[in-house]
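K.L.:
What follows is each chain in one-letter form.
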Amino acid sequence: NAGVTQTPKFRILKIGQSMTLQCAQDMNHNYMYWYRQDPGMGLKLIYYSVGAGITDKGEVPNGYNVSRSTTEDFPLRLELAAPSQTSVYFCATGDRDNSPLHFGNGTRLTVT
Amino acid sequence: KQEVTQIPAALSVPEGENLVLNCSFTDSAIYNLQWFRQDPGKGLTSLLLIQSSQREQTSGRLNASLDKSSGRSTLYIAASQPGDSATYLCAVRFYTGTASKLTFGTGTRLQVTL
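Just so you know, the protein sequences line up as chains A and B, in that order.
End of the first sequence = 112 in our numbering, gap-free, step of one.
End of the second sequence = 114 in our numbering, gap-free, step of one.
These aren't lab readings, by the way, just hints derived from the structure by calculation.
A short, non-exhaustive set of chain A residues, derived as facing chain B with CB atoms under 7 Å:
id: 1; residue: G42
id: 2; residue: L43
id: 3; residue: F90
id: 4; residue: D97
id: 5; residue: N98
id: 6; residue: P100
id: 7; residue: L101
id: 8; residue: F103
id: 9; residue: G104
id: 10; residue: N105
id: 11; residue: G106
Fair warning: this is a prediction, and the values are worked out from it, not measured in the lab.
Glycine included, each C-beta is placed from N, C-alpha and C at the ideal position.
Whole structure, please, built from the sequences with the hints as guidance.
P.N.:
Here it is, written out as structure tokens:
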């Protein structure tokens, strides 16, 4: 039972490149979230999904896209990477709105 | 604006001391409140979840309280140990009309010294 798995752990991108951050869960949770964490700031919600085929924007969605074709996977796509997207990205899952969140170990992304 | 504040940003205590971490929020219309622990380079681990109808939750040496009317929650750690050293984050799920939104504080970095 791996919980929430994020890959890769680290990545360096050049400005303008694109990449996909992977998130997979084996807990059969309906809710999945993508957050970014910047130094001295609270976690900010990028996108979330309440089930397969359903996604919605969070607070800071610009420059990102998501898809949710299965319950298990929730990839985050960065198009045209910018230095402002340098951050640590966390994927999280939850059974319902009123249940604890389970986080992956994060992907540390640097855009130069 | 719905905000979550954690003060102080950092705290250092000697081993064995009991301590309290604070979390304050600006809107009493909350769904629930969670306390998380984050170790360096790792994700967040949920410690305690308090529903809006509850006043406190306990797990081992941890006790979290919730006072919606004053917009405050505290995380009490008894008999602190060096292994408790980590950043502790508070997150509040606020009602936003037809939905809810989880807002995180910036955390308190705790160091427990020998």
